[in-house]
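Colleague: Chain by chain, the residues:
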Amino acid sequence: MASQSDPTADPKRFDVSKGTLRLDNFMTHFIKVGGVGIILAVFAIFLFITWQVLPLFESAKVQEEAVIETGVADFQLVGVDEWGELPFMVDIAGDFTFVDIKRVDGETLVLGPLGVYKVTPKFADEVTFTAANYHSKSEEVIFGASDGRYTLVKVEYKPVFDDRGERKIEAKLKADKFYPLGKGLGAVRVIDYYDADKDRLVAALVEGDSGLETRATTFQRKKTPFGVGPWKPAKEYDLTSQIEGHPIKVLVTGQGNGVLVSTREGSVYSFLINQGEISLEQVFQPFEGLENPEIGSMDWLLGNESLVFTSAVGDNVIFAQYLPELTPEEEKAGVERKRQFTEINQLPKLDGPADLYSHSMRNRAFLLGSGPEASIRYGTTGVVRWEKSLDFTPKAGILGSRYETMLLADDTGRLHFYSIHDPHPEGGFKAFFSKIWYEGQNEPKWIYQSSAADAETEPKFSMVPLIFGTLKGTLYAMIFAIPIALLAALYTSQFLKPEYKKVVKPMMEIMASLPSVVLGFLGALWLAPIIDTRFPSIMLIMFFLPLTALIVGYGWGKLPQRYRLYLRPGQEFLIFIPLLIGIALIGWNLGPWVESWAFVYTNPDTGVATGDFRLWWPEHTGVSYDQRNSLVVGFMMGFAVIPIIFTIAEDAMSNVPQFLTSASLALGASRWQTAKRVVLPTASPGMFSAIMIGFGRAVGETMIVVMATGNTPIMDWNIFSGMRTQSANIAVELPEAPKDSTHFRILFFGALLLFVMTFVVNTVAEVARVRLRNKYKTVG
Amino acid sequence: MTTAAPSESPAQTISSPDEQYIQVKDFSFWYGSSQVIFDQTFDMPKQKVTAFIGPSGCGKSTLLRCFNRMNDLIDGIHHTGDVQVGGESIFDPMLEVISLRKRVGMVFQKYNPFPKSIYENIVYSLRVAGRSKKSELDEVVERSLRSSALWDEVKDRLQDSALGLSGGQMQRLCIARAIANQPEILLMDEPCSALDPVATGKIEELIHSLKRQFTIVIVTHNMQQAARVSDRTAFFYLGKLIEYDETQKIFMNPEKSQTEDYVSGRFG
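Protein sequence lines correspond, in order, to chains A and B. Here the first sequence is numbered in the numbering used here, starting from 1 and rising by one per residue. Here the second sequence is numbered in the numbering used here, starting from 1 and rising by one per residue.
FYI, nobody ran anything at the bench for these hints, they're computed from the structure. The beta carbon of each residue, even a glycine, is placed where N, CA and C say it ideally should be. Hints should not be assumed to be uniformly reliable.
Stated by the list, open to error - Partial selection, computed: residues in chain B whose CB lies under 10 Å from chain A:
(1) Gln-47
(2) Asn-68
(3) Ile-77
(4) Tyr-111
(5) Pro-113
(6) Tyr-124
(7) Ala-129
(8) Leu-158
(9) Asn-181
(10) Val-198
Unchecked claim - Anything over 12 Å on all C-beta distances counts as not near chain B; from chain A, calculated:
(11) Asp-10
(12) Gly-35
(13) Glu-499
(14) Leu-660
(15) Thr-661
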């Protein structure tokens with residue numbers, strides 16, 4: 001070839017342009033940055049979530065902030081305001097000694113301008129007090145007098161702001177009248193009370209004619225639109241005769257309708273007042289099995305549901321009421337089920353009986369002191385949050401109502417101020433993964449109930465029901481999706497004519513991009529009611545379709561060649577589709593008939609028998625039937641997962657090298673034999689990936705489960721009950737969780753579990769996939 | 001292109017004492033609308049090696065793949081005329097294509113063992129036929145491997161993966177696999193094109209020994225190979241059969257000038 005200019009004359013023809021090199025260099029680094037960036041981003045997300053979650057597993061930090069000399073050594077009890085700035089000590093004369101505390105520069109605690117000052121309430125009478133008890137919830141001190149009467153002194157705290165806008169706490173004392181516990185009584189030794197709206201129950205150990213008597217007295221007051229009337233004695237109960245041994249402590253129960261009396265001998269007597277009558281409900285020994293069953297202390301936890309006991313040697317248990325199951329004999333005898341106290345938790349031992357106790361007003365934390373030993377414990381989980389052997393012996397102590405401060409007073413009258421940093425006492429591995437006997441339950445359970453009607457109900461943060469729900473939803477979805485998706489992929493890649501495949505594949509891919517909120521919406525509002533009303537039809541269809549396909553397929557294979565010629569290979573579905581639609585219609589219409597024949601429910605009241613699966617199922621299996629159930633989720637989530645598994649598995653099967661399928665066919669294998677013996681093993685790594693990616697999608701799927709599951713965090717495999725998955729839980733609860741609260745962090749913990757779960761699943765899947773690929777790798 | 005009778009008929013039926021085993025009759029073949037085989041008619045004798053030669057795109061491989069209907073996998077094909085094996089039309093709608101492929105074995109251009117053991121590769125055709133008696137399978141494995149001159153090399157590692165063999169061994173394994181079920185005809189589509197000269201030599205020896213048992217049709221680009229292994233040679237050009245005769249005649253004294261140009265290396 002001759003050209004006008006000789007190309008070999010160009011000396012630059014072997015040069016590489018700088019631009020090419022620069023671009024190559026730039027792209028190499030750009031891609032590297034992108035890749036490393038993604039790894040870093042994932043790692044950073046993981047770190048961030050972990051960082052949010054870690055505080056849940058930290059124990060309490062308690063620091064001594066100040067020691068203040070008050071000079072009051074003979075005090076009976078200590079109390080403190082909400083802010084921890086104006087604590088008081090009460091001596092047996094009824095004098096209140098307030099200690100004004102100020103925080104300087106937000107740091108150090110010093111004595112405030114008012115210093116230590118004594119206030120004596122204006123008591124109605126001059127009497128000698130013999131007992132005192134402080135209720136930190138109502139900020140009231142009840143005094144029992146030597147003449148069998150009692151009075152209440154309310155400590156009214158009020159924050160006031162001075163000219164400079166600084167907050168100061170002021171306290172006013174308001175003493176009530178004296179009320180008699182009964183006639184002819186002497187000194188009150190132990191006293192407790194409970195105020196309901198219009199009723200008051202006071203229980204006390206009082207000196208009487210026959211020694212120490214156990215008394216319970218009710219008071220009532222009228223409530224009118226113009227205010228409340230004075231308390232008037234209503235009824236007196238003398239419980240002395242019903243108690244064996246020496247009573248040492250009384251407590252009034254949480255609803256103000258019961259009295260608990262503990263004796264020196266180690267028994268607790270539980271009385272219940274019902275319509276003006278008091279009855280002994282239960283006598284129990286919290287330390288029954290011990291050598292020395294004596295009770296060292298007995299106190300309420302927040303909510304007055306759980307009792308904290310310590311034994312004479314420092315064992316620490318928590319008791320609460322439950323409803324025991326009746327034995328068959330009892331049931332026959334018509335015994336009524338009664339709530340009984342039982343041990344729900346056992347905590348680490350102290351050195352001796354608790355001689356100081358205070359519970360938090362925020363949560364189930366409580367303070368126990370035994371000699372110089374002090375510890376803060378958490379009732380629900382039974383975990384010691386903090387403990388220390390002090391260099392003094394505290395005589396009384398109290399936890400601030402916000403669970404941020406702690407006050408210990410030693411017997412020389414010194415007040416020790418502590419700050420508590422324990423934002424998440426409810427957390428910990430035990431709370432998240434162990435069965436816990438919660439108040440009001442009949443046995444230890446895994447329960448997730450993050451918020452309750454009121455602050456005094458304990459939140460239940462077990463992760464187990466959520467993990468269970470996630471797995472349950474995923475499992476039902478996968479049971480539905482895997483067979484359909486894999487068989488569809490096999491059919492499309494190996495049997496369907498390529499011209500139809502060109503239509504089917506993109507359609508499935510469009511299905512994969514359907515927003516899951518649409519699927520959830522359809523599931524909840526369209527599919528759930530259909531399944532609800534026509535379950536037997538659905539069941540019949542699901543049974544008939546595969547059966548018909550098998551029978552027709554078998555028959556087709558047996559048909560002589562000349563009839564089979566009417567359809568070319570890959571077009572057989574043309575006869576299947578009308579056939580299957582017909583069978584589905586038959587199943588649909590047969591459903592109600594089957595229901596009225598097989599699922600007959602007889603109404604026990606009217607005796608009318610109706611065919612209704614929804615009523616039949618709970619009757620015959622004992623498990624519930626919900627409209628938003630796992631079947632709906634299985635269908636809908638399966639629908640979301642099928643296209644993903646289908647697409648990836650179909651690719652894997654289509655990518656089996658043609659030379660292998662050709663070799664198999666040339667050796668006289670049929671299409672199915674080739675599919676089974678060559679395509680499936682060779683494509684198995686890809687199919688495995690497909691299933692795992694589908695699994696990952698189902699585990700993380702949120703909108704469908706939020707809308708179609710009912711979000712009930714219950715734990716049973718019943719296909720007709722709902723569930724709550726980790727992801728749905730986060731979606732539902734995050735908007736109502738205050739930032740940095742325990743609840744908030746627990747949702748992050750759920751996210752972390754989800755992250756770890758998918759990470760583990762994906763890693764296992766990848767390892768398995770690589771092994772499969774090495775096993776079935778092909779030449780070339 | 002149409003199926004109209006061509007001006008010069010390439011039909012060259014050789015009269016010989018051999019039984020005419022594969023008979024191609026007025027055969028034309030289309031991929032979609034493009035015709036790749038034009039009205040060919042010729043016969044191949046039993047227990048002889050027939051070589052198909054010709055430049056790339058002459059339709060020789062397509063014709064070969066018609067013999068066991070491997071082209072069925074391709075969309076939009078059609079044909080006129082007929083191909084008969086042992087007197088039966090392979091396009092008979094009543095014929096099961098699976099049984100045809102059991103009669104007509106095939107060895108592919110690129111060795112394609114399954115990702116299974118050597119043993120399982122060889123017994124594949126028996127397994128899909130539902131034969132699984134251990135003693136029978138063992139016997140078939142040994143006989144096939146001996147026939148393909150591979151027995152001594154692999155007898156101690158029959159359960160190892162076939163993918164651990166060398167290229168030449170794999171191709172001989174594929175031959176052993178193809179003859180395991182005793183087909184009547186063995187189609188070989190450029191069986192040595194991916195092999196080195198030593199392996200090629202072994203395969204050629206093998207073909208020599210196999211023709212006692214099988215009717216072999218081999219497609220090759222290698223003139224020397226065709227000359228060495230085949231009894232008869234068919235030369236194709238642009239989908240037409242130009243010349244078909246005894247191999248010696250084709251190479252020493254071809255009738256057509258096109259054939260002479262090709263075998264002497266002047267084009268192709």
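Colleague: For the hint on Val-198/B, just tell me whether its beta-carbon gets within less than 10 Å of chain A.
Modeller: Cβ of Val-198/B sits 19 Å from chain A, so the hint is violated.
Colleague: Confirm or reject the statement that Glu-499/A sits farther than 12 Å, beta carbon to beta carbon, from all of chain B.
Modeller: The assertion about Glu-499/A is violated, with a minimum of 7 Å to chain B.
Colleague: Can we keep the Tyr-111/B interface hint, with Cβ of chain A closer than 10 Å?
Modeller: Result: holds, 7 Å to nearest chain A Cβ.
Colleague: Verify the interface restraint on Ile-77/B: the C-beta must sit less than 10 Å from at least one C-beta of chain A.
Modeller: For Ile-77/B, the interface hint is violated, since the closest Cβ of chain A sits about 12 Å away, which is over 10 Å.
Colleague: Please check whether the beta-carbon of Gly-35/A is more than 12 Å away from every beta-carbon in chain B.
Modeller: holds (31 Å)
Colleague: For the hint on Tyr-124/B, does the least C-beta distance to chain A fall short of 10 Å?
Modeller: holds (6 Å)
Colleague: Hint Leu-158/B vs chain A: min CB-CB distance below 10 Å?
Modeller: The hint is violated - Leu-158/B has no Cβ within 10 Å of chain A, the shortest such distance being about 18 Å.
Colleague: Are Ala-129/B and chain A close enough, Cβ to Cβ, to be under 10 Å, as the hint says?
Modeller: Result: holds, 7 Å to nearest chain A Cβ.
Colleague: Minimum Cβ distance from Pro-113/B to chain A below 10 Å?
Modeller: Since the shortest Cβ distance to chain A is 7 Å, the answer is holds.
Colleague: Taking the closest Cβ pair, is Asn-68/B under 10 Å from chain A?
Modeller: Result: holds, 6 Å to nearest chain A Cβ.
Colleague: In terms of Cβ atoms, is chain B entirely out of 12 Å range of Leu-660/A?
Modeller: Leu-660/A is in fact no farther than 12 Å from some Cβ atom of chain B, at 6 Å.
Colleague: Hey, is Thr-661/A genuinely clear of chain B, shortest beta carbon separation above 12 Å?
Modeller: Check fails; 8 Å does not lie beyond 12 Å.
The structure does not agree with the numbered hints 1, 3, 8, 10, 13, 14 and 15 stated previously, though it agrees with the rest.
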